[in-house]
Amino acid sequence: MTEIMTPTCIEMKNVHKAFGSKVVLDGFDLEIKKGESVVIIGGSGSGKSVSLKSILGLLTPDSGDITIDGKSVLSMSGSAREKLNNRVGMLFQNAALFDSLNVWENVSFALMEGEKLPRKKAKEIAIEKLSLVGLSPEVANMSPAELSGGMRKRVGLARAIAHEPDIIFFDEPTTGLDPIMGHVIDDLITHCVKTLGASALTITHDMASARRIADRVTMLYQGKNIWTGPVDQLDDSGNPYVHQFINGLAEGPIELDISR
Amino acid sequence: MSSEALTQKIASVFQSVGATTLSFFEITGRLFLFMMNSVNHMLRPPYYPRLILRQMIDIGFYSLPVVGLTTLFAGMVMALQSYSGFARFGAESAIPNVVVLSITRELGPVLAGLMIAGRIGAAMAAELGTMRVTEQIDALQTLSTNPFKYLIAPRLIAGITMLPLLVLVGDIIGVLGGYLVSVHTLGFNAATYIQNTWNFLSFMDVFSGLVKAAAFGFIVALMGCYHGYQSKGGAQGVGAATTNAVVTASILILVSDYLLTVAFFSQ
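So the sequences go chain by chain: H and V.
In terms of our numbering, the first sequence has 54 at position 59, counting the first letter as 1, and numbering is strictly consecutive.
In terms of our numbering, the second sequence has 644 at position 236, counting the first letter as 1, and numbering is strictly consecutive.
There may be inaccurate statements among the hints.
So the derived label-pair ranges between C-beta atoms look like this [said to hold, decoys possible]:
id : chain 1 : residue 1 : chain 2 : residue 2 : range
1  : H       : N81       : V       : V485      : 53 to 59 angstroms
2  : H       : R82       : V       : Y455      : 40 to 46 angstroms
3  : H       : K116      : V       : Y455      : 19 to 25 angstroms
4  : V       : G426      : H       : K116      : 58 to 64 angstroms
5  : V       : A671      : H       : G73       : 49 to 55 angstroms
Don't read these hints as lab results, they were simulated from the structure.
Predicted, not measured: the structure shown is a model, and the values here were computed from it.
Quick reminder that beta carbons are idealized off the backbone N, C-alpha and C, glycines included.
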C-alpha cells in the first residue's frame, strides 16, 4: 500500500529523440518514485544512455516531457538546472574522473565549487566519503591515472554521493569489472542509496547486477519501454523479449541489429 | 549524352554547391554562437582564479623559450637579409629601423601567435577533446559546474592577457638578435645601432603589435577550446580536433593580421 502513497520523483512522458535519421527514443515512458531504485535493462544501442542523459539535461529530447518532483526540467533556465543538479549525483561508466585533479579534489568537487567549502574541510569530507566506499585515506592524494578500474569506480561513487544527493544515476556501474568487484560495487551502491534515502536510476545490461540493485526493472527495446515490473517478477514476466534478454538466449524475438 | 542525364548532372553540381554553402554557414554559425557564449561566460562571475593562473603559467611562462628562440632568429635573419638587399643601393643605415619595425609590428606577434597556436592551441584541443570523449565535460555539468566558465573562460582570459606579454619579451629579444648580427658580423657601431633603433620606434608600432597579440591569443584559445569541446569519436576524433585547432587558428591569425594592419596603418 505504501507504493500508492509514495510521490513520484522522476517522470518521463512520451520522450522522443533521434540523431539524424536514427531514432533512439521512440515514445519512452518511465516513472521513478521517491526512494525507489529503478534499473533500465536493454541491449547495446537501445537508448539506455540517451534516456539517462536526457534526464540529466546533457541531451534535449525532440519531444515529450521530463519532470523531476513535478517540475518540467526541459524548460528550465541554466541556473535553475544547476541548482537542481546539486541534488543529483551521477556515476559515469568509466567514472569520468577529472584527471587534472587528484582523488580527494575529485570527490569533493561539488562541495568546493557548488557549496564553496574551504579546501581543508572539503578534504576531510572527501576522506570520510572515500572510507564509505572502502578506500583508505592514502588514496586521497593519488591521481586518478594511478588507480585501477575498481578503485576508479569507487572514487566515482564517492564523488557521486559526496554532496548527499537525493537522486543518483548509475551508468553501467559494473561494466569492465570482474564479477567479484562488480558484486562489491553493487553492494556499495545499494548501501549508499539506502543510507541517503535517495531515488536511483541505473542502466545496465549486467543481469546479476540488475537483480541486486533494483526494486523495479524496466526493459527498453527499440526506443520503447516494453516491460516494467518488480524485480522478483522478472523471471515470470510473460514477455518473450524480457525472457530472451535476461537469459541471454541467442534465439528469440530480439534480432541483433549488428549495424547499431 | 541524353538530355535527362545532362539535367541530372547539372542538378548534382548545384546540389553540391548548395550543400557546401549550407555547411559553411552552419559551421560559422556554430562557431559564432560558441564564441558569444564563451565571451559571455568569460566576462561574468564566478571566476576561477586558480585555473586562470594555471593557464597563465602554461601559456605565458612555459612558452617563453619557444617564443624567445623564434624571435631571436627572426631578428638575426632580418638583419642579414636587409643588409644583403640594402647594401646594393647604399642604404645599410636603415637596417636598425627595418629590424625594429618589422619585429614589433609583424614578426613578433605573428611568429609568437603561430608558435602558440602549435604549442597551446593543440594542447587545449587535445585536453578538452579527451575530457569530452571520456565524459568528463558531462561530469562537470552534473556537478553543477558550467564547462564554459570552468574550462573555456580561464583559457580565453589567459590567452588574451599572456600573448601581449610574450610578444613584448619577444620584441626585445628579436631586436637583440638584429643587434647581435649587425654589430658582430656586419660591423655596425653598437651605440649608433641602438640609437637608430630607438629614434625611429614610435609608440604605435609596439602598441599595434600588442593589440594583434591579444587578438591572436583570443583566436588560439577559442579555436583550441572550440574544436576540443566539439570533438567526438574517441582517439581519432581528438586527433582531428587537435589538427583542426592548429590549422584554423593559424589561418585566422594570418587573416586577422591583415585586417588589423589595415585598421591600424592604412590611411
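Violated hints, by number in ascending order, as checked against the structure
Those not satisfied are hints 2 and 5.
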